[in-house]
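A.B. asks: Could you build all of it, start to finish, from the sequences and the hints given here?
There are 4 protein chains.
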Amino acid sequence: MKAAVVGASGYVGGELLRLLLRHPRVESLQAVSARAAGEPVARVHPNLRKSTALAFDPPEALRPSDVLFAAVPHGESAPRMAEWMASARRVIDLGADFRLRAADRYPEYYGFEHPRPELLAGAVYGLPELHRAALASAPVVAGPGCMAAASILALAPLARAGVIDPEHVVVDTKTGSSASGAEPGPAGAHAERSGAMRLYSPAGHRHTAEIEQETGCRVAMSCHGVEAVRGVLATCHAYVRAPVTEKELWRIYRAAYADEPFVRLVHEASGVHRVPEPKILSGTNYCDIGFAADPHAGRVVAVAALDNLGKGAAGNAVQCWNAAEGFPETLGLEFPGLHPI
Amino acid sequence: MKAAVVGASGYVGGELLRLLLRHPRVESLQAVSARAAGEPVARVHPNLRKSTALAFDPPEALRPSDVLFAAVPHGESAPRMAEWMASARRVIDLGADFRLRAADRYPEYYGFEHPRPELLAGAVYGLPELHRAALASAPVVAGPGCMAAASILALAPLARAGVIDPEHVVVDTKTGSSASGAEPGPAGAHAERSGAMRLYSPAGHRHTAEIEQETGCRVAMSCHGVEAVRGVLATCHAYVRAPVTEKELWRIYRAAYADEPFVRLVHEASGVHRVPEPKILSGTNYCDIGFAADPHAGRVVAVAALDNLGKGAAGNAVQCWNAAEGFPETLGLEFPGLHPI
Amino acid sequence: MKAAVVGASGYVGGELLRLLLRHPRVESLQAVSARAAGEPVARVHPNLRKSTALAFDPPEALRPSDVLFAAVPHGESAPRMAEWMASARRVIDLGADFRLRAADRYPEYYGFEHPRPELLAGAVYGLPELHRAALASAPVVAGPGCMAAASILALAPLARAGVIDPEHVVVDTKTGSSASGAEPGPAGAHAERSGAMRLYSPAGHRHTAEIEQETGCRVAMSCHGVEAVRGVLATCHAYVRAPVTEKELWRIYRAAYADEPFVRLVHEASGVHRVPEPKILSGTNYCDIGFAADPHAGRVVAVAALDNLGKGAAGNAVQCWNAAEGFPETLGLEFPGLHPI
Amino acid sequence: MKAAVVGASGYVGGELLRLLLRHPRVESLQAVSARAAGEPVARVHPNLRKSTALAFDPPEALRPSDVLFAAVPHGESAPRMAEWMASARRVIDLGADFRLRAADRYPEYYGFEHPRPELLAGAVYGLPELHRAALASAPVVAGPGCMAAASILALAPLARAGVIDPEHVVVDTKTGSSASGAEPGPAGAHAERSGAMRLYSPAGHRHTAEIEQETGCRVAMSCHGVEAVRGVLATCHAYVRAPVTEKELWRIYRAAYADEPFVRLVHEASGVHRVPEPKILSGTNYCDIGFAADPHAGRVVAVAALDNLGKGAAGNAVQCWNAAEGFPETLGLEFPGLHPI
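Chains as they are written, first to last, in our numbering: chain A, 975 to 1315; chain B, 975 to 1315; chain C, 975 to 1315; chain D, 975 to 1315.
Watch out, some of these pointers could steer you wrong.
Each pair may be met inside one copy or between any two copies, as identical chains are not told apart.
[Stated by the list, open to error] Derived SDA-like pairs (lysine to any residue); straight-line CA-CA distance at most 20 Å:
#1 1024 with 1224
#2 976 with 1037
#3 976 with 997
#4 976 with 1094
These aren't lab readings, by the way, just hints derived from the structure by calculation. From a predicted model like this one, the values you see are computed outputs, not experimental measurements.
C.D. replies: Structure representation (C-alpha cells):
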C-alpha cells in the first residue's frame, strides 16, 4: 500500500517514518514537510541513516495514497482535511482537531472555532482498545493525546465497571521532554529541564476534554514535565463509590484487556519493576497498566505508562491503521523495548 | 555552642555537617558514625574537602553537647533517646520515631511497637512554620519527613482556612534519588533510575500519617521516584467545599506565610519558572509554594517544592535549632541556591 | 537452530535474549542463570513481558545447542569452556577470557594466570569487520570489550593505512552506566552517577591490551563514566606521521567500511548530529564513526560511537554468529534506533 | 564598594549577581542587561527570589563603579571597553576579547580583527594561580574560558617543571549544557542533550589559543558536550620527556598549589570520589586536580574539574577582584558545594 506522512520532520513524524519504513504492508512511502523539503530524511532523523534514502517533499507535492498520517500542529489539520480526504483513502490525524465530538469544546480548550464541525461526527477516536470496530469504516481517525491515551486506558475499565465516583477523579501526569516537540522553547533547554519536576499545567490541560469524553468522568488533571525524553506516566487517583479489593481490580482489568496485544497489566510483589515504568517502553507500542486499592482513603490508584511517541502517538496510529485494514494488529510494532535504557 | 551529629556519614548527616561547619554559633562539632568511625569526614563527603579536618567518632565516643542532631534509620532513635537526652540539652531527631503523637500509628505505618511511648507527648513536630512557639522548650524536636514537610506546608493554610473538603485530598509526590539514602539497593542504580517515573508507593506511604496529623485531612497519597537527586515536589489536589478564587488563595497563603523567611509563594504569569521547581532549591532551606484554582473540577491545586536534604531534612533541622535557641532563624542557612543547576 | 545463553540474567544476557527471541533462525532458546534460576525471564528483564514465557534454568540444566553465548564475569569462562565446547557446536564468549592471544597478558591486565592457554590460539577475536573470514571455522569466538570495539573500529583503518604514528595514540573513552553491569556498587548509585564526568580509569584499563593487539599501536587509554545508560564514545587522538587531509581520511574509511552493514561514517557539515552520538544507537548494532584532521597539532581525531550492550556486546555477538553460519549478517539486528531518546 | 555587572541576564551574569549580592565588600550593585531591562532580577534568575529586589537597568543607564564585570558575547567587549574603563576603576571581562596577547590570533580563532589591539598588552589573564601579582595594577582583567581554566591549571605545573613533551599534549574536555549559555539552539534542547556524549569540536576549539599561550605547549584539543549542567572536566594526556613517578607528580603539584585556596589535589586510593568530579563543585570556586603516571604509554594524565560558571567564570572573576583589591581571596566564595547533587 501507499502511505504518506505529512509533518514528517517533527518527532512524531520521524517515529511514523521509522515504523512505516519497516512495515510489511507499506510498498511506497512519502515524507512531506514544509520546513525540511528537499532535505534527506536521515539528516533530520539521524537514527534512519543507512535505513532510507528518502527525502522530504513539500506539501504541494503530496501524492495520492491509501493512508495519510498527519502530524501537524493543533489547528492545522482541520483546514486541510478536505484536501487530504481527497488524496487518501484513509486519514489518521495525530493532532487534536478531530478528537472531540463536541465542536463547542474547541474554543474552550484550544482557543479556536472549529472550521469544519460537520466532519467531527465521522471521525473515530483512535484508541483500538475502545473503538476497534468503528475504525474500519472511518474516513478520519483521530489519534489521542499522549497523556489522554494513558489516562483513558487506566480509567475506562473502572468507569465502565461503575466502581469509581465519576465526579472525583484526579489525573496527575508526568511526561518527558519530547512531548513538547522538536522545536521547544527556553523551558525545554537542557539546563532548565535536567532534573526538573515542573508542574507546567496545574489545571485546564487540553487533554482533560478527551479524557472526560471517553470516560464520562469529571477530571481534575495536572501535568508535570520531568527529566526523561519519551515517557508518559499517568497516575489516576479515583475515589470509589464503595470499597473495592485488589482482586476485584484484577478482574476488572483482566476483563478489559486480556486479549489486547499492547496492554500489559503490571502488578508484581517484588523486584525493581513492580509497577508500570515508561522508560522501558521507549520505542514500543505498549501501554503498561498497574493499580492499587487504598481502603484508607477510599481510593483506587490506576497508573498507566507509555511512550509518548509510541502508544501515545505514532505507534498507536499504526495500530489503528492495522486494525482498520484488518492486518494483524501488531504488524510493524513488534519491537519489545530495551532494558536498561 | 557544642553540636553533635549522630549518623553523620549518610546524606542527611553530611548535609548537617556542611551547615553546622559554617554556622556562626557552633563552636565545636562532633561527627558520629558507626560505619565510618575513624575515617576523615571529607573522604565520605567529598564536598567538604579543604573545609574540615574532622574525622568520624564511634557512637561510644559521643561527647556532651548543647544540641544533638540524629540522622539514623527509622526505629533506631527511640531506643537511644534516653542516652541522647542525657548527653545533650536538646535533641533534634530527623527520623520518624518521634513524629507521630499517637503511639498506635507506629505499628500501622512503621511496623514496630514504639518502645518509649511516654516520650511522644513531649516531642514537638519540627516545622517552625506551624510550631515555632513550642520549639524553645521542647527537649525533643522531631523533624518531618521530606514529602510530609512539603505536603503540610502546601495544605495546612487551606485546611485551616476551611476551604477544602478534608475527606478528599490527594497528595501526589515526586522525589529525587537521594531520598533513599546513601546506600540504595538495585532500584537506585543509575541504569534503573535514570529517566524513571516510578510509582514506588501507590498507597500507604508512611508520611501519610504525619500529613494527616498536621492537617487534619484524610490523605490519599502516592509517591513517585523521578530522575533528580535532591528535590521533592508535592502536588496536592484538594477538592473544595465551595468555589474559591485565586485571589482568595493568594490571601490565604499570604496570611500564612508573609513573614516566613523560608517560604516563598511562586505564581508567575510568564517565564520558565512560573511555579515552584525543586531543582533550583538544591542546597537551600526554601520551600516554594504555588497554587491554582480549578473551578471546572471543583479543586484547588497546591504544590510545594523543596530540597529533600535541605528544608526536607538538615536545613529545616538547623532552622528548628535556630528558632529554639532564639537565634536569627536564617543563621547558617543563607545559601540562595543555583540557577541553572 | 538451538541457542543457549549462559549468564542470561545480566544486562548483556538480557540483550542477547531480546535479540535471539526474535531471530528468525533460532528455533529453541535456553536461558541459563545461577542467580535467577527458576524465575521467569520477564521478571528480570521487564521489557520482555508478553514476549516470552521462558524461565531461567540453572547451569546444571544446560542443554546441547548449536550455539552457546556466554555472558559471565571475566575469569569464569575459561574454566568452563571445555564443558561448553562439548555442549555446543559453537561458543561465543562475551567476556575477556579468550580475547587476548598472548597468555602472558592475562596476569598483567586481568590479574589471573590463564587456566587454558592452549585454547587461545583457536579463538577468533569477534569483530566481523576485521576477522570475518575466520569466524566460520572458529570453535570459540571472543567478543570484544565495548570500549575496545569502538576504539579498534576507529583506529584500525588509520593504523593499516600507515598514516598514524603507532607510538602516540591517545584513546579517551566515555561510557554509560550499564557498562558496569546489573549489580553496580555504590559508585553506580543514581545520586552519585547522575551528571557525573568520572575519570574512573586514568591508565592501565584492561581494554588497552585488546586495542593494542588489534591495531598494533601503543595505546594511552583513559576511561570516563558519564551520565548515560547504554552508550560508548571512543575519542581517539592519533598523531600523524605526515600531514593528512580530510579527503584522504574519507578515502581510508570508505575503503575500510563501504560494504559494512553496521558501520556508518558520520561527518556532516551542519545540524545537531554532525558526528557520531551514542544515544541514538541504543538498541542497535551500529558503530558510527567520525573523523577530523587537525593540522595545527599534527593529529587525526577518530571517534566511534556504539551501544555498549549492542555492537559493544550482544548485537555484535549475534552478528558474529550470523557471519559464522553464513546467514545474512543483519538477521535479527534490523532495529534502526530511536530519535529522540 | 560599587560593583556593576554588564550582561547580567545570562547564566554567567546571574552567577555574578548571586556572588556579589552577598559579597561583604559590595555596598551597591547594578545589574545591566539590554535584553531584560526593566525586569526584576529574580524573574530571570529565580534562585534569587527573596534575596534581592534589584531590577535590570538598560546599558545606557550604567553608573560609575569601582569594578565592572562584563559577561557579554565574544566580540562585544572590545568595542565597549573604552567606555567601561571610563566608568569603572577596574574592568573584569569574562569574554574572550582580552584573553589573547597576540592580536593576530583573533582572526584565526574568533573570526574578527581585534578593534583595540593596543589594549591587549595591558590586560592581565585572570588566573590568580598564575598571575596574582599582576592583578592589582591591571586596568583590565580577562577571565579565562572555562575549559581553558581547567586545562591550564592541570598542565601548567607539568609544563613549568619541564617533565612533559610540549609538542604532544592532548586535551580532551567534557562540559555541561550551561556552557552554551542561557539561549541555546536546537542542539541544547533536552531531548537532544539528555544522555549525550557529543564531540562538538574535534579540533580548532577557541580555547586552544589560551591554553597554548599560558602553558607554552602545542595543544591537540577536542571538546565534548555531555549530560550535566554546570561542570567541566579536562582530561589532559601529556607525553613525557622521561619517565616520571607519581611521587614526582605529587611534588610538582604540591609545589604549585599547596597554598592555593581554591585548588585541591584529589588522588585517593579508594572510594567513589578518588578523582576530581565536577558535579560536587557546582556553585563553588574550586578547581580539583588529579593525576596519574602511565609508564606503559609514556604519558601523564592530568585532570581538572570545575564548575564552568564558578571557577570557570563568575567565581574566578570574583576571586580576581578579591586578589586585585587585596581582600582575602576567599571572600564571598566560601560555599563548599553539595554532595550528593
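A.B. asks: Can you list which hints this structure breaks, lowest number first?
C.D. replies: Failing hint: just 4.
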